Amino acid sequence: MNQTVLELEKVSKTYSDKQVLKSLSAKIEEGQIIGLVGRNGAGKTTLLESIMGLKSIEQGRILIWQQQLGELSESQKQQIGFVPQDGIGFEWMKVADYLNYFGGFFKSWSQNYSEQLVNRWKINKSQRIANLSGGQQQILQVIQALSIQPKLLILDEPVAHLDPNMRRQFLAELVDLTCEFGTTIVFSTHIISDLERVASHIALLENGQIDYYCELEELKQHAAHISFSGQLSERREYPELINWTESGNGTNAILARPAKHLLQQLKQRVNTELTVTPISLEDWYLEVTNESNS
Amino acid sequence: MTNHDQSNSADLVELFALNTSSGIPIYRQLVDQIKQAIQMELLLTDQKLPSVRQLAKALQINPMTISKAFAQLELEKVLIRKRGVGMLVSEQKEHSEVPTKVIQSLQTFIKLSREAQLNDEAVMNLVQRALSVKVKGINS
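Sequences listed follow chains A and B, in order. Read in our numbering, the first sequence has 287 at position 273, and its numbers run on one by one without any break. Read in our numbering, the second sequence has 131 at position 20, and its numbers run on one by one without any break.
Please keep in mind that the hints were generated in silico from the structure rather than gathered at the bench. There's no promise every hint is true.
Said to hold, decoys possible - EDC-like mimics (lysine to aspartate or glutamate), calculated; alpha carbons at most 20 Å apart, straight line:
1. B:Lys168 / A:Glu85
2. B:Lys168 / A:Glu251
3. B:Lys168 / A:Glu248
4. A:Lys69 / A:Glu85
5. A:Lys41 / A:Glu220
6. B:Lys188 / B:Glu202
7. A:Lys32 / A:Glu72
8. A:Lys91 / A:Asp111
9. A:Lys165 / A:Glu187
10. A:Lys274 / A:Glu251
11. A:Lys136 / A:Asp111
12. B:Lys168 / A:Glu194
What the hints assert, rightly or not - A partial selection of chain B residues facing chain A, derived with a Cβ cut-off under 7 Å:
13. Phe127
14. Ala128
15. Thr131
16. Gln140
17. Ala167
18. Lys168
19. Ala169
20. Gln171
21. Ile172
22. Met175
23. Pro210
24. Lys212
Source: prediction; values computed, not measured. Glycine included, each C-beta is placed from N, C-alpha and C at the ideal position.
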């Protein structure tokens, strides 16, 4: 029903001897807000920069609106917003001049929206960029990306320098954007709790692949710590369960993926009561990034 | 057209308080809170709910989550989707035989009890004690 906005087909990328993206595939649909998580060095920045065409890939294809980046029309390219992780540059410019300068490149730039955002974020337009705080510089980049009213918005750790209040406000801006323009958003972050309200999906990048790609509400409903008395030898039949441990006469595991009838089946199999304790998104993240499947 | 169409749906947003750290999915919380509001007659039959967009913006949560809650409530026939209008509260059969006056005085009673800092147990005790006493002037 929903249109595919971004499609990654077996994308691979190697830096000298390290393969960062290994035949990675993913499909992102219109209006989704994807929280991209993963440890440092997992390749989140490489992935986002590859999508933007800033990094070349060795294998595979990246399609935006069913076309490769080079095939997109100029007006389509103008509907893609990007906020890189590294600094803003242009430190000598004043805020107003900076926004005017960038506004000139984009047909879809809304001066009105841009000014609303600058006011909402209480950024002094006559201030030089060099004199803004780290958080304000980051927000200025976000304002610049939002002002083109993008249909696709990609942000690389946009909240890294923001305090909790600013983060909350930033997340609210993302909801507004999706509501107003149906914008599809991909953003990387280390702050898992920030995803809870805003993201529709979570994508975990691990070992060069999107290891987990789940609807957030589904995941929250299912992710749990499970324990039961006795043992289970056929663990391989339950790929949704990870981090098996045994203690005394009992067995523990983490249910790490949404799985509808798994608990019922497991209960019948082990023929005993299951203790199911829901875990938070943050705990889920810690469990899946310390996965030790035997 | 019903009278309720005029009500300001922005005010209705105040009905919802979502907790993101509770571990309960947000759409579940919304489903429960909408049902609760209907039960307490804070939302009335045929009343229009705020749109997905209004709710998403006001509560600062992903619009897909709101849509999911609405779809669930539609499935359970708590809400009706009316084309070009939005989501309306459907007729609640199980409460139709309780007069509005009774519900209203019950709400007032609970409100006063809360203000007096009575806990739920104390309130239940009060009700039970009152039921066991014959009220003067009323034949039973």
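Hints, verified against the model:
no. : hint                : in the structure
1   : B:Lys168 / A:Glu85  : violated (35 Å)
2   : B:Lys168 / A:Glu251 : violated (43 Å)
3   : B:Lys168 / A:Glu248 : violated (47 Å)
4   : A:Lys69 / A:Glu85   : holds (17 Å)
5   : A:Lys41 / A:Glu220  : holds (17 Å)
6   : B:Lys188 / B:Glu202 : holds (9 Å)
7   : A:Lys32 / A:Glu72   : holds (13 Å)
8   : A:Lys91 / A:Asp111  : violated (23 Å)
9   : A:Lys165 / A:Glu187 : holds (14 Å)
10  : A:Lys274 / A:Glu251 : holds (15 Å)
11  : A:Lys136 / A:Asp111 : holds (17 Å)
12  : B:Lys168 / A:Glu194 : holds (10 Å)
13  : Phe127              : violated (13 Å)
14  : Ala128              : violated (13 Å)
15  : Thr131              : holds (4 Å)
16  : Gln140              : violated (10 Å)
17  : Ala167              : holds (5 Å)
18  : Lys168              : holds (6 Å)
19  : Ala169              : violated (10 Å)
20  : Gln171              : holds (4 Å)
21  : Ile172              : holds (5 Å)
22  : Met175              : holds (5 Å)
23  : Pro210              : violated (39 Å)
24  : Lys212              : violated (40 Å)
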